[in-house]
Each structure stands twice: as structure tokens, then as C-alpha cells.
Amino acid sequence: MVNFKGLLKKSTLVGAAAALTLSLAACSGNSSNNTSNANSPVNIIITNGKGEIDAQFKQAAKDFMKANPKIHVEVDSIAVGDTLNIYDKLTASGKTPTIAMFDPYNTVNKYKDVGIDLSNEKWAQDTSYSVKDANGKVVGFPFAVEGMGLVYNQKVVNKAVGGNFDPFSINTQDKLKSLLDKIKASGVKYPVAYQTEAWSVGNHYSSLFLNQESDPNTILDQLKAGKLDLTKNAAWNGYYDTMDILASKSYNKYGDRPLGQYYDAAHVAVGKGDSAILFNGDWAFDSLKAVAGENFGFMPVPVDNNPNNPLNNKIAVGPTQVMVINKKATAAQQDAAKKFLNWLVYDKAGQDFVVNKAQIISAFKNNPNKVTNPLGVAISDAIAKDKTMPFSTNYINTADWSTIIGPEVQKYLGKQDTRAGLAKALEDYYKSHQD
Amino acid sequence: MKDRKRDLANVGNSILFLGPTTVFFAITVLIPFAYGIYLTFFKMNSPTDPMVFSGLLNYLNALKDADFWSSLWLTLKFVIATVFFVNLVGFGLAYLVTSGIKIQNSMRTAYFTPNLIGGLVLGYIWQFVFVQSLPALGEKLGITWLKLGWLGDPHMAFWSLVLVTIWQTSGYMMIIFIAGLISIPKDLIEASTIDGAGPFRRLFNVTLPLMVPSFVVTIFLSLKNAFMVYDLNFSLTKGGPFNSTLMVSMHVVNKAFVEANYGTGQSEAIILFFIVAVVTGIQVYFSKKMEVEA
Numbered sequence: 001m002v003n004f005k006g007l008l009k010k011s012t013l014v015g016a017a018a019a020l021t022l023s024l025a026a027c028s029g030n031s032s033n034n035t036s037n038a039n040s041p042v043n044i045i046i047t048n049g050k051g052e053i054d055a056q057f058k059q060a061a062k063d064f065m066k067a068n069p070k071i072h073v074e075v076d077s078i079a080v081g082d083t084l085n086i087y088d089k090l091t092a093s094g095k096t097p098t099i100a101m102f103d104p105y106n107t108v109n110k111y112k113d114v115g116i117d118l119s120n121e122k123w124a125q126d127t128s129y130s131v132k133d134a135n136g137k138v139v140g141f142p143f144a145v146e147g148m149g150l151v152y153n154q155k156v157v158n159k160a161v162g163g164n165f166d167p168f169s170i171n172t173q174d175k176l177k178s179l180l181d182k183i184k185a186s187g188v189k190y191p192v193a194y195q196t197e198a199w200s201v202g203n204h205y206s207s208l209f210l211n212q213e214s215d216p217n218t219i220l221d222q223l224k225a226g227k228l229d230l231t232k233n234a235a236w237n238g239y240y241d242t243m244d245i246l247a248s249k250s251y252n253k254y255g256d257r258p259l260g261q262y263y264d265a266a267h268v269a270v271g272k273g274d275s276a277i278l279f280n281g282d283w284a285f286d287s288l289k290a291v292a293g294e295n296f297g298f299m300p301v302p303v304d305n306n307p308n309n310p311l312n313n314k315i316a317v318g319p320t321q322v323m324v325i326n327k328k329a330t331a332a333q334q335d336a337a338k339k340f341l342n343w344l345v346y347d348k349a350g351q352d353f354v355v356n357k358a359q360i361i362s363a364f365k366n367n368p369n370k371v372t373n374p375l376g377v378a379i380s381d382a383i384a385k386d387k388t389m390p391f392s393t394n395y396i397n398t399a400d401w402s403t404i405i406g407p408e409v410q411k412y413l414g415k416q417d418t419r420a421g422l423a424k425a426l427e428d429y430y431k432s433h434q435d
Numbered sequence: 001m002k003d004r005k006r007d008l009a010n011v012g013n014s015i016l017f018l019g020p021t022t023v024f025f026a027i028t029v030l031i032p033f034a035y036g037i038y039l040t041f042f043k044m045n046s047p048t049d050p051m052v053f054s055g056l057l058n059y060l061n062a063l064k065d066a067d068f069w070s071s072l073w074l075t076l077k078f079v080i081a082t083v084f085f086v087n088l089v090g091f092g093l094a095y096l097v098t099s100g101i102k103i104q105n106s107m108r109t110a111y112f113t114p115n116l117i118g119g120l121v122l123g124y125i126w127q128f129v130f131v132q133s134l135p136a137l138g139e140k141l142g143i144t145w146l147k148l149g150w151l152g153d154p155h156m157a158f159w160s161l162v163l164v165t166i167w168q169t170s171g172y173m174m175i176i177f178i179a180g181l182i183s184i185p186k187d188l189i190e191a192s193t194i195d196g197a198g199p200f201r202r203l204f205n206v207t208l209p210l211m212v213p214s215f216v217v218t219i220f221l222s223l224k225n226a227f228m229v230y231d232l233n234f235s236l237t238k239g240g241p242f243n244s245t246l247m248v249s250m251h252v253v254n255k256a257f258v259e260a261n262y263g264t265g266q267s268e269a270i271i272l273f274f275i276v277a278v279v280t281g282i283q284v285y286f287s288k289k290m291e292v293e294a
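Heads up: the protein sequence lines correspond to chains A and B, in order. Sequential numbering of the first sequence, starting at 1, is according to this note's numbering. Sequential numbering of the second sequence, starting at 1, is according to this note's numbering.
Careful, some of the hints might be misleading.
To give an idea of the chain B side of the interface with chain A (calculated C-beta under 10 Å), a few residues [unchecked claim]:
1. Y35
2. K77
3. Q132
4. L137
5. K140
6. T144
7. P241
8. S244
9. V258
10. E259
Within a straight-line C-alpha distance of at most 27 Å, the following computed DSSO-like cross-link-like pairs (lysine-lysine) qualify [said to hold, decoys possible]:
11. K189(A) with K43(B)
12. K58(A) with K431(A)
13. K272(A) with K140(B)
14. K338(A) with K122(A)
15. K89(A) with K43(B)
16. K328(A) with K43(B)
17. K112(A) with K77(B)
18. K415(A) with K43(B)
19. K431(A) with K43(B)
Quick caveat, the hints were computed from the structure, so don't treat them as lab data. Note that this is a predicted model, so its numbers are computed, not measured. Each residue gets a CB set at the ideal place from its N, CA and C atoms; glycine is no exception.
Model the full assembly from the supplied sequences, consistent with the hints where possible.
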């Protein structure tokens, strides 16, 4: 009898404890919008899509808070490629990220209703990389500028050409071929290590042809209207002619079987100097530098034999991460967020954080600092010499391109499909994806 | 009166022992699952969008998604290949390490170790093997099929996945088989030997029928693992080359989170759940019938 009673008591206790845990769990989901009064600090949340600079970003937030004690900054980071998800996650859990980091395409498409108009901000006058919406209003603050092209190992190429190599001297396909032959002659068996990640051969390489018009959207509009025959488009064909050269058996380390998981191996090869050239962006330095203290640079991807074709003389450079101030944040939070953006552009500590600490190429002319990453330096040089064209990847749906178009390009590379088949796949995609 | 008190006490006992588990099981599995089904009836492109009731539209889209069905078909091939080989190798290893050879205990440890490495890490290790080590070996020995990276060919990439899965899970299945083999009564084996049964007859007519309970468990586990494969798929081949090794779980994740079709992705996940539940249910039901008493 007594035992039963004791047990009963115990089990009620456990039940009560369980109920309490549940109600606690329910409560914690409720800590969303912070109402601010004059004395308490304004809380802002920033989502950081560049996970690799998480520590630097959090330190920057601390420095900013020291200078602005009335503002409290919380930084939520996530790895590259997941940017959208952290904004989604926070929003779904009832929070309001004040500053969200998006890629430029989603800023003006999927998340076009998120941001406020930033046209009247001072920094908008100091950069040519702001992201504008369909009405021409500035909605995105360009946080990071990046670029892509043919990455080369300076030492190997210098040895092959016998002197200081000028990347912009390679402005025709023939000159590229003769450079590859020279590299071979200098003792490098395979001058190219062509890696074939879907995002690289798809989103990056295969969008470059959009730059044949000064506004990449012109070509996209023609594709969507079904008015562009890619098989007859010179620039489009030119890029795949060059891809054929780069991935050919005589030049490519992986020419016998071009497809495979070669990303790391290719970067090690070029980093060590076993090969000389690969196609990628400035972020490739992270994988290259792990190997040696070599120097690297960018050259344009030539598409024909006309040295005056702008495509042959420029590398694609543009904003890849932009910051948007959330419409749903309170007025006080929006003001604090604007202050933070200004801090990044005009405050010495902010400038130092972006370029020196985070090694990001600043989109702002007034930032005096220079990155140490040689590929970043190459991009800054190209910007200074006005040898850049838009970062074409910003104009396409990167998610679809990496899951739908990328594999089609891989099929072409693996000789599972013809160029006409690839053209048709791309045309068909835009017929069924009008938005 | 007394009975009622006892019933109450039983209820109390049940809450004491089952309550916490039930609560956490509900929080982490039941409620999200039910909510997941609820979500499939709405159209929404991101969690910030308002939910619009769309009936069975998501399921219709899932049924019309040809890539979903082709990835499911590929997964089915993967299931058949891995279930067969994992159990074959697992049983073979178990038979070997219970046969009384000298170093059998250290062999048990060795075969089990791969299972302790997580799927993601395992994928990257094997990526290195397939991209660097094997081609280097092929180059040295002049063997063409080793020299070319396996992960660049659709068929080779598929078999790479199967191979790594076997390497990873057969050690785990081995442990279950060892338990089964040890529990077979020695007198039965002795009796069959005295009756004149050779090693093969003993294996097929005595050992294997008594091992059915182990096989029920191992086949169930390997079936479920193979249907749900994601981490290895992601880290070893990323679904490539050209989506030729894109298994169904990865397709669902891509659909929902990469292409941001939450509704369609979730419906495909539910369809996948029912297919796996039915297949494993049938497997357990029929193999239970095959069990024999010693």
C-alpha cells in the first residue's frame, strides 16, 4: 500500500517535471522581436554567409559595439552556400535578422521583398557594385567582391615564357594554345588541371557567355523568349571551344577521364606547380596556398582569335555577398543597421576588418587597404585597369544551375552529350523557367 | 477498490518509465512528422511566405517529378547490391572469426573499426583513395582501369559507393552474426557431424536455418541504411558525374533546400517514407515466418 503511494507520488513528480520542461521549451520559442526603449540597447542580428570569417566577423561586431555602446550586435554565421537557409531558419523561428547576407541573384528574386531602399545612403555613391532592384533602387550593400578566370601558377608560367608573364597578353585562343604548348615544352606534362564541380563548370564557366552584351540580362531575356539559338551564338560556342582545349587529352591532367572529384587534387597540382592552370575564382587561393608559397594570378578566358573582343581581355568581377536591411526590423534597428554598414565603409576599424582581417576585396573606392591573397590582388589590379566585366553568375538561378545545368555541362565534358544537346538543355531550361 | 488503486499505480509506473521517452520521442519524431505531413498540403517557397492551402498539388508535383523516380530506381539498385553484398561479406567474416583461428579477436576489432568512422569522413577518405591512391597505383603498374579515377564514370562511381558501403557496414553486421553463430547449440552441430554431414551440408542445413533471426535484423538494418543513404553519397560523389549517382535522399534534400521547393521536397520525403516502411515491413513479416526453433 505505502509503496504504491510512494510510487504514485514519484511518478507524479516525474510527470510534473516533464510538463515543466515542455512549457519551458515552449517559452524559449518566444524571444523574438526586441522592443527597445531609450535606455536599453538596440539589438540587431546579422547573418553572415561567409562561415570562414566567422571569428573575424564576431570580433568586428565587438569592436563596433565598443564604439557604439547603444547597439548590441549578434552575428549568426553559416558556411558558404547556406546563406539563404540561415535567414530562413531564423525567420521561421520567429526572429527578425536585421541585416541579412544574400547572394545578389536571390536579393532581387526570391528575397526581393525583404530589403529596404538604400539609395540615399552615402556609401551608395562610393561603389559601382551595389545591387539594384528592378526599379533601379539600391537594395544590396556589396560586402564582398570576387572574381573568376583562368588561375595560373606564376612561377611555372614565368619559366615557360622566359620572363615576367603578363596575363592580359593572352587575348586569343591561339595565344592560349601556344602558352599551353610552351608550358609543356618547359617540362610540365599537363599544363591544365581541369576540375569539374557542377557549380564551377555550370554556374561559373557556363554563365560567362552572358557578358557578350554589356548587360547580361539582355541575353537572358532572349533565352527566356526562346529567341536565341545557342548553337549559332559565337560567344557561347567560343567558351566551349576553349573548354575543349582546356579539358583535352593533350593538356588536361585528367584528360582521359575529365569527370571526377578532382577539386582538391587539381588545386594541389597547380599549387605545387605540377600543373599550371585551372579555372576558378579568387577563393581558390585557400586550396592553393595550403601547398606552397607560390604566387598566382588570373588571365581572361579567350573565346576567339580576335584580340579586340572585350571578352578576351577581361575577367569577371562582381559582388558575391550583399547585405540587405530587413523591412520587418524596427526603425531603431534599421538605423543601427545603417550605422553598421557605414562603419564597414568609413571607419578605420571597419575598413581594417573587411580587407586586412577578413581578406575580402572591398567594393569601395575609399578603402585604402589591400588584401594579401595574390588572386585578390590580381582582381584589384584588374579593377584598377578597368579590365573587368560583370560576374555573370549573379544573373542566373544558382541553385537550379548547380543541380540542373551543371550536370548537363558535365555530360558534355564526359562526351555523353553533344554541344547541340547542351544548347538544347539550356534553351529548354529557360523555356520552362521564365521568372 | 483495491483494484482501482492498483490500476492507478500501474498508470503511475507507466508514466514513470515510459513517460520521459514518450515525451522526447514525440518532440523529436512524432510531432515533426505529423507537422511535416500537414505542411505538404500547403504551397510555400520559403518559411517567410504565407502558407497557401494547395490540397494535393505537392503530391501531384512529386509524382510528376521524373528525376525523383529515376533517383528512386537508382536507390533500389543500390539497395539490392548493398543488402546482398553486405550480408554476404558480413556473414563470411563472422564465419571466419568464429572458426577458431588464432588471431580471431584482433580480426574482429579490425573488421568492426570502419563502422566507427562517420559517413562524411569516410566519404572524403575514400575520395582520396579513388582520386589519388588507386590512379597512382594504376600508373605505376600500368593498369588502365585503376589509372582513371573511378568517380568520373557513372558505373564505376556507383560501384564505388557500393564498395565503400560494404567496407563500412559489413563489420557491424559481422558482430550481429557472431552473436547468432555463438548461440547455435554445439550439440546440434555435433549430431549432424556424427550423422555424416560435411561442412557445406552443416552450413546450409543446420547453421543457416538457425541464423534466420540474425538475418532478419541485418537485412532490416542494411535495407534501411541503403534506402536512406545520404552522407556517403554527398561526400564521395556529390551525386556526380552528371547526377548519375544521385540517390533519392539527396534528390529530396536538393529539391527542398537547394531548389527551395519545400512542399514538393517534403511530399517526396513522405512518399519515400511509405515506400521504405512497406518494403521493410514486408521483409520483417516474411523473414519472421522463416524462423525455426532449435
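Verification of the hints:
no., hint, result
1, Y35, "violated, 12 Å"
2, K77, "violated, 19 Å"
3, Q132, "holds, 6 Å"
4, L137, "violated, 15 Å"
5, K140, "violated, 16 Å"
6, T144, "holds, 9 Å"
7, P241, "holds, 4 Å"
8, S244, "holds, 8 Å"
9, V258, "holds, 5 Å"
10, E259, "holds, 5 Å"
11, K189(A) with K43(B), "violated, 55 Å"
12, K58(A) with K431(A), "violated, 44 Å"
13, K272(A) with K140(B), "holds, 21 Å"
14, K338(A) with K122(A), "holds, 10 Å"
15, K89(A) with K43(B), "holds, 18 Å"
16, K328(A) with K43(B), "holds, 22 Å"
17, K112(A) with K77(B), "violated, 42 Å"
18, K415(A) with K43(B), "violated, 39 Å"
19, K431(A) with K43(B), "holds, 23 Å"
Hint compliance for this structure: hints 1, 2, 4, 5, 11, 12, 17 and 18 are broken, all remaining hints hold.
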